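Chemist: Fit chains B, C and D with the ligands to the given chain A structure using the hints.
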Amino acid sequence: MNTETTSGNRGLLQAEALIFEVGHAESTGVDLPKPKGGKDRLGGLKRKTALALPGLTEPETMRHFVRLSQKNYAIDLGLFPLGSCTMKHNPRLNERAARMEGFADLHPLQPIATVQGAIELMEEIAHWLLELTGMPAVALSPKAGAHGEFCGMLAIHAALKARGEEKTRRRVLVPSSAHGTNPATAAAAGFIVDEVPGTEDGRVDLEAFRAKLGPDVAAVMLTNPNTCGLFERDVKEIADLIHTSGGYFYCDGANYNAIVGRVRPGDLGVDAMHINLHKTFSTPHGGGGPGAGPTVLSAALAPYAPLPQIVIDKTNGGYLYALAEHEEELAGTGRKPLGRMCAFHGQMGMFTRALAYMLSHGSDGLRQVAEDAVLNANYLLARLKPHFNAPFGDGPCMHEVLLDDSTIKPKGVETIDMAKALLDEGYHPFTTYFPLVVHGAMLIEPTETEPKRELDRFADVMIALAERVEAGDAAFFKAAPKLAPMRRLDDTRAARQPKLRWKPEGNDAAKRAAE
Amino acid sequence: MNTETTSGNRGLLQAEALIFEVGHAESTGVDLPKPKGGKDRLGGLKRKTALALPGLTEPETMRHFVRLSQKNYAIDLGLFPLGSCTMKHNPRLNERAARMEGFADLHPLQPIATVQGAIELMEEIAHWLLELTGMPAVALSPKAGAHGEFCGMLAIHAALKARGEEKTRRRVLVPSSAHGTNPATAAAAGFIVDEVPGTEDGRVDLEAFRAKLGPDVAAVMLTNPNTCGLFERDVKEIADLIHTSGGYFYCDGANYNAIVGRVRPGDLGVDAMHINLHKTFSTPHGGGGPGAGPTVLSAALAPYAPLPQIVIDKTNGGYLYALAEHEEELAGTGRKPLGRMCAFHGQMGMFTRALAYMLSHGSDGLRQVAEDAVLNANYLLARLKPHFNAPFGDGPCMHEVLLDDSTIKPKGVETIDMAKALLDEGYHPFTTYFPLVVHGAMLIEPTETEPKRELDRFADVMIALAERVEAGDAAFFKAAPKLAPMRRLDDTRAARQPKLRWKPEGNDAAKRAAE
Amino acid sequence: MRYLPLTDTDRRDMLAFIGAKSIDDLYADVPKSALLKKPVDLPKAQGEIEVTRHMQRLAEKNTPAGRTAFFLGAGAYRHHVPASVDHLIQRSEFLTSYTPYQPEIAQGTLQALYEFQTQVAMLTGMEIANASMYDGSTACAEAAMMAARVTKRNRIVFSGGVHPHYLETARTACEALGLEIVTAPAAIDDEKAVLGLLDDQTAAVIVQSPNVFGTITDLSPIADAAHAKGALMVATFTEAVSLGLIEPPGAMGADIVCGEGQSIGNALNFGGPYVGLFATREKFIRQMPGRVCGETVDADGKRGFVLTLSTREQHIRREKATSNICTNSGLCQLAFTIHMTLLGEAGLTRLAQLNHEKAIALADALAKVPGVEVLTKRFFNEIAVRVPTNAWTLVDKLATQGVIAGVAMQRLDPDAGMDDVLIACATEMNTDEDIALFAKALKEALQ
Amino acid sequence: MRYLPLTDTDRRDMLAFIGAKSIDDLYADVPKSALLKKPVDLPKAQGEIEVTRHMQRLAEKNTPAGRTAFFLGAGAYRHHVPASVDHLIQRSEFLTSYTPYQPEIAQGTLQALYEFQTQVAMLTGMEIANASMYDGSTACAEAAMMAARVTKRNRIVFSGGVHPHYLETARTACEALGLEIVTAPAAIDDEKAVLGLLDDQTAAVIVQSPNVFGTITDLSPIADAAHAKGALMVATFTEAVSLGLIEPPGAMGADIVCGEGQSIGNALNFGGPYVGLFATREKFIRQMPGRVCGETVDADGKRGFVLTLSTREQHIRREKATSNICTNSGLCQLAFTIHMTLLGEAGLTRLAQLNHEKAIALADALAKVPGVEVLTKRFFNEIAVRVPTNAWTLVDKLATQGVIAGVAMQRLDPDAGMDDVLIACATEMNTDEDIALFAKALKEALQ
Ligand SMILES: Cc1ncc(COP(=O)(O)O)c(C=O)c1O
Ligand SMILES: Cc1ncc(COP(=O)(O)O)c(C=O)c1O
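Chains as they are written, first to last, in our numbering: chain A, 347 to 861; chain B, 347 to 861; chain C, 320 to 766; chain D, 320 to 766.
Next comes chain A alone, as it looks inside the complex (with noise of 0.2 Å):
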């Protein structure tokens, strides 16, 4: 594969260097009028240290960026089974809904008379998150799961602050198999992460957990459907343990996409759980973000929701949507805010993309949504069973197929091998080595939004992997991928040596990016 071309390039594969290493600092690609160029306001602060950024015109740029883009994989290339993520398919209406010039060119601080739509699609997409989860009440403006996380654990520390058992209740328990998320969110919101060990079948531990219950436990932080893909059994158990002993239960809800329309959160017990907009209700992820994480409150928690907060003022018989943003403007309504999670009101280019997608499914097609994920998956499991390990294969999974490296490890290909062995096949792997519980864990999310011929061909692709680690063909897994864009890349010398910015001296690098 590594045909050298005078160029660096290799077909439509084209080599890119840094736009520092072409860009010039008088160059631009932005025509703006001449300032006038009177006396400056600055008093005295104007820029002596040199910028140095370089510029490049609009053509220039654009090929910039498009030639890296097609360095990228994408859902719109072909299957992204990246387990915990939910990467389905995004649907461009969203996008042109998004951008429409009443959504896209509103201030968050425009007086309020001026954003009565803007104000009145947050409460059309709290009423769905209300009525799929039935719960009481959602904080929308959590930016992200990990920060609706924040936001439920935030209000569970009011809620004890409110019985004044802030102090005494310090302790939350969190299964090993969460996500890392959940630990660090736990902690950030000053509490202390108590471990609760799994069962044989991917379950929490009831007993063990049972025993880890006290006075001093404030809650347990549980994903359901889990991390290993399935559906805690014990889940109404767990959750009238926790309230008998006098904690809370946050549920995260990253892979509601297994359950959405069929299991309402409300109904098990749940007091908070954050929703990624960007999984179940498909807003994009974009390489690593922007996310959603509207974060749905029972009525214990309900009255620590954070600011801002949508009301209606009925002053002389009107009907206005508001916003309260303080805690004064609650002023008789008993409700005792948490806080404020950020500035203004949350992620509303991502509400208008979530509200199209909900209204396009509507209520039978969520409900479609989530039993053709979990089918989907079930498919895979069945495919794939005979010819790899799969824990807790015995019994249906939810949305997620959990496989391990048991069986090809002695043969000498990981989890992480048979990774890159799938670049070259032209698919983006599993998530890989997720969850911690399971050894060498490879966890596979199809969702929905496949057709069952792309399954079929992930499968066979899969098998005649497997064959070939049997065939004990371990070499080739080793020196995988050799088709993708580049050959496999040096963690260690990154993290050895970091170098996390480019420096005029560095320049030898324009030479090698230019090999």
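Check before you lean on any hint, since a few could be wrong.
Claimed, not checked - Covered by chain B, per the in silico footprint, the following chain C stretches (three or more residues, Cβ under 8 Å): (1) 354-361; (2) 399-407; (3) 412-422; (4) 491-503; (5) 514-526; (6) 645-659; (7) 694-705.
To be verified - Taking lysine-lysine and the DSS-like style, the derived pairs with C-alpha atoms no more than 30 Å apart in a straight line are: (8) A/731 / D/602; (9) A/385 / D/602; (10) D/511 / D/602.
If you are wondering where the hints come from, they were derived from the structure by calculation, not from laboratory data.
Fair warning: this is a prediction, and the values are worked out from it, not measured in the lab.
Where is the CB? At the ideal position from N, CA and C, for every residue including glycine.
Modeler: Frame of chain A, contents of chains B, C and D with the ligands only:
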């Protein structure tokens, strides 16, 4: 390169079947309300013949076309030096302008009072074209360059008719270097084509031209700058000669980019010239179209401009734009329109884009466009001349560089092979074997939107390839491309047994596709 | 200037390398007198903000169809275009690529073309189709010229239901070639009138269905009569969606089918760019105008696609080419292909049914208006109605009330003697409220 | 349903292959009582036409900034975003890709990240930057928590010029952790007031410049004082464009610089999504929150980029992570990078100058209005003015005349005792007519 994979994919390059091989007649990517299903009024002509058109859901459709798109080269990926095609940067601002609701969602037959801005825009682009070319009139409706040629030749036919000479003046002089559309258009307009030879230095042979003039000559069709990328030094003599002999001067404006803002065709004696908005004025080529070919006309031809025509309606002191769509509506103006080129008023969607481009550059910027286009071409000429034969390379060229394969052919490498080798280097090749007057022509047009850096990179590649030819490595060229999405395709087979559509029986194709 | 990458330093260095003192040296071949000393008299360069304001100002002087109750068709139709279509055609790899002259790096464009040709053939019920023409009207003119080539005859007969713009476009093109155009008088429903105009010098009879008045016609008897005289039967249409619901011309004996593809995948755009569809019989393949894409294999035996049969085209055949067309409607053809892929048989059929039902509702609503007579009996989504006044002034009047009622036949053909005929159309975009509003406004206008 | 590819046949076949009788078998682990028998009570599925109408209806109940004379900033700024930026971020390969966990097929995202980190470092004058936070306010909260980690102290001092939302956001986050928040009273121009609040338990002093009132401040003396006490100097900002014209915090001794990047490349979007910028000193690298991209080589020795130093992050470090952030602002960060690439030093400097000149024009125009006093003396593009009435009601009143005058300080902080203070901002988007209209409307409103 042809590393086999189970999926048929090669890293990010995805194998893709035809929609007919994967779609179902039941599947659809469009949700519409269920019809009420009453009695139809089709008078028994309801479709009986099965459609059998497969459909794909939206996620499948997105993937299909995104995957296909990545098998394409494009300006946004790199230099696209197709001589005579002016593949310059296509600003996205123009795309945005064309999609403004007030332009995109207008019907051509709306009441005139509801489309005043649209007609004003047509007036405005007409004004720019007339000022730039120094001509008195322009026909906006031609849909591409060839259509503009047709419009110009029909205007000449109409003018001759008005002189009662349409039967006697049937001969049209066309230089041997002309683009195929010139003779084809002359023939389509009912004229007889008579070729005029060229000179040693790539221009029209003035003597031969003079010798061919006579009372049966209707016009000369001259491209200027010509297809060899040279300015016709004798253009004014040619204009005078054809005029004194009673004929007209049609100028092919495809190469207008070299002189826009620097030379006005009106000052050269041109009677008619089409302007490819999709070349000089950057409207996108879109993989083959659409284009737009507004045609400027001299005073002699202006009366015959086609319908519709913009007129100002000043009835009771008002100022309204209107469209004269029939000859009677021009009564009293002395105009005798040649007829109608097409339904409606022309390529409005290209007018919006081209006007945004014109406004962005302004008169100063457009002049710079021409100068930079010519400078870039001459720079490449200077760099490549030592390594290839440049048949007319002694003097300066205009906006394109003409080379031929005379120096490499003895080594067994032809123009086509050089072109295919460029594919592996990540470049779209030059125009091959055109103009026909030069054997093994390689016509290179960099355009003004290429930075010097890209020109040097391209020149380095060309020179390296020339050296490889020198080294006698013809086999390397014959085997190219190796890194492109496909190896060399078999044109002969395609033409011998034409297969122009998918057919159900042809389903072995499905398998081949999945290879 | 944001689009011009050369810096002044670059320009200086490059001139020096070339050995030129100034840019004017490179224009040495231009007659001094013709070389402009300074920029022409036009506005100077502007940034995106100013240009956007300028375009916005012009756009806002228009009334977008979507802001009205809209019933105008007559050659261009307002249908919903899915967001994914416009997104896909804007991908750099489609938008900024050229005609696929280098097939190894143009398979995206080529495969989509092959899919388009197949879809058009299936839709029209014909054997083969080309890679698109400029629009329906020029496709129709090309069909007439092709028929003359095939039959070596020079008489073209048009029915009275053909869109006047199509007729004029064909007349303009054909008369230059010395072909004779014979037309039946404009008539709501009298395509068979062409039978009386057929003779053994006739190259083709050209019939539109649904015609400009919305009337749909069984083409079989006309095709039989034409074939009996050795002429070709050419069927044309302006509303491609109709083919989802009515019998395709190919099944009724047409030899060439040409028409407008705008209504699938393409916006109204004030008249262009659109996409001409052109389909015919395999045996006429070498007389067909325009590009075609064909299947072949590469050096590894892999299936691939190329532009083929170019010996018909101007760049090879020059004055003997089957047409002078070069640039066609690539991107509009791609939009058509994508939208058609999304629709599929199920979607297209439903879309067509919806259109038909809306048109029935429109016809019934208008029929109830005193003094208004619905003239079209068999229709798809468009009808002609007689109004008790001048239709053109009526349309202008209704427009001031937010109703775009259609187009007056007088505007399309002042000589048709149909000044009281209005042509109105309904699509899936029309709500019941739109229709009620139209009827109400019409009633009031006529009082 | 257009987004769901499985056909009923597929569903049947797949269930059969799995060996399940019905879909409910696959939900066997769900307590029966919790399994919904029918869809919840919400509207049924709708097509694109209906959904578009629904969204359009809501959108039209709002007044877009661009349809008014617009002078509102205070944390979000209306700047021109070039068409190419929005086009590029919508490319499938950027829009529909995930966090670059597989670097071999994510170099597009990764290289753009590396370019972003470099741009942010250059812009702020710092050594390194991370791959983005949610927004400026959460970046500011993270900075406070990081300072506490670095100094192992728990007292955070805020100046009175910090945007109230930023302060509240940091307070909410910090107090849960048991950190103490100390704030100087809100003041137009009194950042140095923090000096009196410093003590040797102080982890960080947080100062905003330009502050919420638009005032720009020399941070050096504050930084020196903080360092003398062993505290970190944290500089924050809401208007990134200001860094094109004023001395960067990094050059004035800041240890952490955090702020809002929305004004470069991103629309107003009613408050989100935006992009938090976060830069610091190399020596604090392992205490920094959020993802970072670093340079490395592949198996062939080719330069490439990967996410690195993940031992700081939650997915490895869990409860000991430097932050719980996972998803960040990827696409907004890309928009920032593209716009900044287009601008370059030349473009950004000019853009900043234009903003400053518009603000000067605004200040002078408002100063001429009787009863109005411009309070901000040193500013970039935003100013605070005192009006002889309640600023909030005034803003609402002016809005009815098509002028969005800014925001009342009272709305941001009712307890600041600044009910007569209006915060107004001008950018390159404001025309001279806008400014004249504002002054005129204000004059009339105050009469
Ligand atoms: C199980 C789980 N919980 C929480 C999160 C955090 O969500 P976000 O990335 O939106 O902050 C994720 C995201 O990957 C997750 O998979
Ligand atoms: C010299 C010349 N003349 C005419 C044409 C025809 O223009 P169009 O393709 O727009 O019909 C071209 C286009 O390639 C050309 O290069």
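Chemist: Any hints from earlier that this structure breaks? Give me their numbers in increasing order, please.
Modeler: Of the numbered hints, 5, 8, 9 do not hold.
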